[in-house]
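Chemist: Respectively, the protein sequence lines represent chains B and C. When the letters of the first sequence are read in order and numbered with the working numbering, they come out as residues 1 to 249. When the letters of the second sequence are read in order and numbered with the working numbering, they come out as residues 1 to 164.
In short, the hints are calculated from the structure, not lab data. Mixed in with the good hints there might be a few duds.
[Claimed, not checked] Under 10 Å between C-beta atoms, here's a sample of chain B residues computed to sit facing chain C:
id	residue
1	8
2	11
3	20
4	28
5	34
6	35
7	83
8	84
9	86
10	225
Even glycine gets a Cβ: it sits at the ideal position worked out from N, Cα and C.
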Amino acid sequence: MRDPLDELENFSTPGLTMNPLPATEVRRRGTRLRRRNNALAAIGGVAAVAIIATPLAMAATSKSTDTTPPPANPSPSVTWVQEIPADFPLAEGLPAPVRTGSSYESQVTDVCAGWAPPSSSEVRQAVFRESEGGSSHTLALYPTEREAELALTALGPETQACALQTVGKQRWVDVLPDQGDQGDQSLVYVNHYSDAGDIDVVQLVRVGNAILEATTYSNGVPAEDTAALVKEQSTSVVDAMCVFAADPC
Amino acid sequence: MDEREFDDFYTASFQRITGQVYAMIGNRDEAQECVQEAFVRAWAHRRKLEKAEHPEAWVRTTAYRLAVSRWRRTVRGRRPADRAVGPAYESAAPSEAHVALVAALKQLPEAQRQALVLHHIADLPVHDVAREVGVPEGTIKARLSRGRAALAALLADEEGLSHA
Numbered sequence: 001m002r003d004p005l006d007e008l009e010n011f012s013t014p015g016l017t018m019n020p021l022p023a024t025e026v027r028r029r030g031t032r033l034r035r036r037n038n039a040l041a042a043i044g045g046v047a048a049v050a051i052i053a054t055p056l057a058m059a060a061t062s063k064s065t066d067t068t069p070p071p072a073n074p075s076p077s078v079t080w081v082q083e084i085p086a087d088f089p090l091a092e093g094l095p096a097p098v099r100t101g102s103s104y105e106s107q108v109t110d111v112c113a114g115w116a117p118p119s120s121s122e123v124r125q126a127v128f129r130e131s132e133g134g135s136s137h138t139l140a141l142y143p144t145e146r147e148a149e150l151a152l153t154a155l156g157p158e159t160q161a162c163a164l165q166t167v168g169k170q171r172w173v174d175v176l177p178d179q180g181d182q183g184d185q186s187l188v189y190v191n192h193y194s195d196a197g198d199i200d201v202v203q204l205v206r207v208g209n210a211i212l213e214a215t216t217y218s219n220g221v222p223a224e225d226t227a228a229l230v231k232e233q234s235t236s237v238v239d240a241m242c243v244f245a246a247d248p249c
Numbered sequence: 001m002d003e004r005e006f007d008d009f010y011t012a013s014f015q016r017i018t019g020q021v022y023a024m025i026g027n028r029d030e031a032q033e034c035v036q037e038a039f040v041r042a043w044a045h046r047r048k049l050e051k052a053e054h055p056e057a058w059v060r061t062t063a064y065r066l067a068v069s070r071w072r073r074t075v076r077g078r079r080p081a082d083r084a085v086g087p088a089y090e091s092a093a094p095s096e097a098h099v100a101l102v103a104a105l106k107q108l109p110e111a112q113r114q115a116l117v118l119h120h121i122a123d124l125p126v127h128d129v130a131r132e133v134g135v136p137e138g139t140i141k142a143r144l145s146r147g148r149a150a151l152a153a154l155l156a157d158e159e160g161l162s163h164a
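I would like the entire structure built from these sequences, with the hints used as guidance.
Modeler: Structure below.
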């Protein structure tokens with residue numbers, strides 16, 4: 001009988017050998033990745049400053065006791081886009097084949113109530129399904145930026161409350177730290193819904209009056225890594241959402 | 001880590017880490033692609049890598065996490081060509097014993113397989129395996145013990161079948 005330890009310790013990788021990329025090419029790709037991340041962080045930082053600066057400016061001139069967040073957009077003259085362009089690249093980043101539609105169907109197992117678009121809004125959804133899960137991108141337009149902002153702002157505390165209520169339970173929610181580098185506003189949370197380690201990561205990003213929900217199923221991968229992958233794969237869509245911004249691209 | 005140090009690190013460790021990840025996941029192409037991607041991320045996050053006590057462990061862990069992600073597997077088919085590794089070429093075909101070992105490893109529970117590979121192929125002491133995996137040393141010892149026994153049984157079965 002063969003000794004498994006000998007077998008293991010003499011393990012090698014014969015057969016098909018691949019020629020790794022030159023080190024210079026690996027560094028070039030790494031530098032490109034880093035620049036992209038930095039650019040996104042810079043855009044998010046400017047948006048965050050705008051969001052913070054506006055309430056502070058209003059607080060300085062008003063004694064209002066209204067607890068709802070002040071509008072992020074101070075300009076009443078903006079006309080918010082109410083139709084998703086036909087060529088909007090919603091499926092970008094999703095594995096093929098992708099099924100698209102103009103209605104919303106939740107693709108995740110939400111431990112608590114999650115996000116859903118308002119019933120009257122313009123919605124488009126792109127879904128990749130496999131036998132054990134899948135990934136999706138859903139884009140919804142709100143009448144104004146203010147309404148989109150309120151919807152996402154309200155969901156933050158609700159999700160945090162859900163996370164606190166489900167600590168130590170078999171099904172629970174984690175809210176991941178906001179990295180502040182996605183769109184005008186973002187929220188990322190994880191539904192842990194089975195003993196086997198199945199998770200659904202949900203990333204919500206707002207740009208102007210549009211909210212993108214990007215989701216994916218995962219198992220055996222840390223939630224933070226899965227969230228990083230969701231973010232990576234939705235980057236092109238978030239970039240394209242600039243058409244819904246107050247100052248559109 | 002400057003360019004020269006990174007290049008030296010990459011050249012010295014790419015094949016070794018690829019072999020280890022291959023043993024963990026049983027798919028050579030996937031292992032190579034994930035290790036390549038992990039090195040790209042390593043350069044992008046080189047300040048983090050500088051602070052890592054064991055840069056090779058950082059790359060291996062990143063590559064392994066990439067590899068085990070079902071999500072990643074599903075996007076393989078449409079990954080842009082420039083993300084692939086360099087062109088492949090044929091060398092010696094794997095021996096029957098090698099094929100049998102990889103097949104046996106794939107039948108083990110993931111945690112046992114990971115412990116066996118890190119300890120016996122990556123040659124890490126038990127406490128380093130425990131740190132890399134993020135579990136107590138006792139857990140690693142138990143996984144190694146059960147993994148060796150299971151592997152021996154699987155190889156014996158395979159040997160019996162091939163003799164029959």
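Chemist: None of the hints should be skipped; say for each whether it holds.
Modeler: How the hints compare with the structure:
Hint status for residue 8 of chain B: holds, given a least beta-carbon distance of 4 Å to chain C, under 10 Å. Contact between residue 11 of chain B and chain C, as hinted, is supported at the beta carbon level, the nearest pair being about 5 Å apart and thus within 10 Å. This hint holds: residue 20 of chain B has a C-beta 5 Å from the nearest C-beta of chain C, less than the 10 Å allowed. This hint holds: residue 28 of chain B has a C-beta 9 Å from the nearest C-beta of chain C, less than the 10 Å allowed.
For residue 34 of chain B, the suggested interface contact is upheld, since its CB lies about 4 Å from the closest CB of chain C, less than 10 Å. Because the closest C-beta pair between residue 35 of chain B and chain C is about 9 Å apart, less than 10 Å, the hint holds. Of the supplied interface hints, the one on residue 83 of chain B is violated, with its beta-carbon coming no nearer than about 28 Å to a beta-carbon of chain C, more than 10 Å. Proximity of residue 84 of chain B to chain C is violated relative to the hint, the smallest CB-CB distance being about 23 Å (cut-off 10 Å).
With its C-beta approaching chain C no nearer than about 22 Å, residue 86 of chain B sits outside the 10 Å limit, and its interface hint is violated. For residue 225 of chain B, the interface hint holds, since its Cβ comes within 10 Å of a Cβ in chain C; the closest pair sits about 5 Å apart.
Checked against the numbered hints above, the structure breaks hints 7, 8, 9 and satisfies the rest.
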